[in-house]
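Novice: Keeping the supplied structure of chain A fixed, place chain B upon it in accordance with the hints.
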Amino acid sequence: GAVVSQHPSRVICKSGTSVKIECRSLDFQATTMFWYRQFPKQSLMLMATSNEGSKATYEQGVEKDKFLINHASLTLSTLTVTSAHPEDSSFYICSATPGRNEQFFGPGTRLTVL
Amino acid sequence: GENVEQHPSTLSVQEGDSAVIKCTYSDSASNYFPWYKQELGKGPQLIIDIRSNVGEKKDQRIAVTLNKTAKHFSLHITETQPEDSAVYFCAAEYQRGYNKLIFGAGTRLAVHP
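Protein sequence lines, in the order shown, are assigned to chains A and B.
Heads up: the first sequence at position 33 corresponds to 33 in the working numbering, and the numbers run straight through without jumps.
Count along the second sequence from 1, then add 114; that gives the number in the working numbering.
Pulled out of the complex, with its shape left as it was, chain A reads as follows (with noise of 0.2 Å):
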């Protein structure tokens, strides 16, 4: 039990273009989803904490206009890279919590921006 699913894996785009990125919870209902970015032999960086049905939560730092996060159900977030630079390029990774105090992260998603 407990997993959760990113799509895509890995993604390489062009300079201005925008990303979308898929976390699903797929065996449990997550009342709050997390997203991270993690830059090589780095920790994990919270960017936002999502809530379904409601406006994210974001970090300090974190521009809410680039990366837009819509959580549409109990069992799917999105993040989206809008208009993306090569300082974008990041392991993106999500997590999601059942309601009590664990969260179960996906597999991570590669972006590369060229």
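Keep in mind that the hints are not guaranteed to be accurate.
With a cut-off of at most 20 Å between alpha-carbon atoms, the simulated EDC-like pairs for lysine to aspartate or glutamate come out as follows [stated by the list, open to error]:
#1 Lys151/B <-> Glu102/A
#2 Lys182/B <-> Glu170/B
#3 Lys66/A <-> Glu102/A
#4 Lys41/A <-> Glu170/B
Partial pick of chain A residues on the chain B-facing surface, computed with a CB cut under 8 Å [said to hold, decoys possible]:
#5 Thr17
#6 Gln103
#7 Gly106
#8 Pro107
Among the chain A residues that face chain B by a calculated CB cut under 8 Å, a handful are [stated by the list, open to error]:
#9 Thr112
#10 Val113
#11 Leu114
Treat the hints as calculated values from the structure; they're not laboratory data.
Every residue, glycine too, gets a C-beta built ideally from N, C-alpha and C.
Specialist: For chain B alone, coordinates are given in the frame of chain A:
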């Protein structure tokens, strides 16, 4: 602000030895402390967690201890195997507002055959 310190940053052991990773947290209101294992190119996997009403928890070769007074917790892996090689992250739940996790910097564990 909230902070979790993790040591050591790298750890190299021989197969069969024990490995210990230590973390210290700053938010005295934290009451949930998970440990994650991350293999290269993959998402973190929850391997064990502990809540503040418990001082120790064990699951086969993995154990976690918690000292709330000192605000530190540790991961213990016994009888290490090469497949234990990975990056391990500790985290503490930050209670204010919404329950987010604050992660340590990670420990790269290498288990040599």
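Novice: Indicate, hint by hint, whether the structure satisfies it.
Specialist: To see whether the hints hold, each was checked on the structure:
| no. | hint | result |
| --- | --- | --- |
| 1 | Lys151/B <-> Glu102/A | holds, 14 Å |
| 2 | Lys182/B <-> Glu170/B | holds, 11 Å |
| 3 | Lys66/A <-> Glu102/A | violated, 28 Å |
| 4 | Lys41/A <-> Glu170/B | violated, 30 Å |
| 5 | Thr17 | violated, 24 Å |
| 6 | Gln103 | holds, 6 Å |
| 7 | Gly106 | holds, 5 Å |
| 8 | Pro107 | holds, 5 Å |
| 9 | Thr112 | violated, 13 Å |
| 10 | Val113 | violated, 18 Å |
| 11 | Leu114 | violated, 20 Å |
Violation of the numbered hints given earlier is confined to hints 3, 4, 5, 9, 10, 11; the remaining hints are satisfied by the structure.
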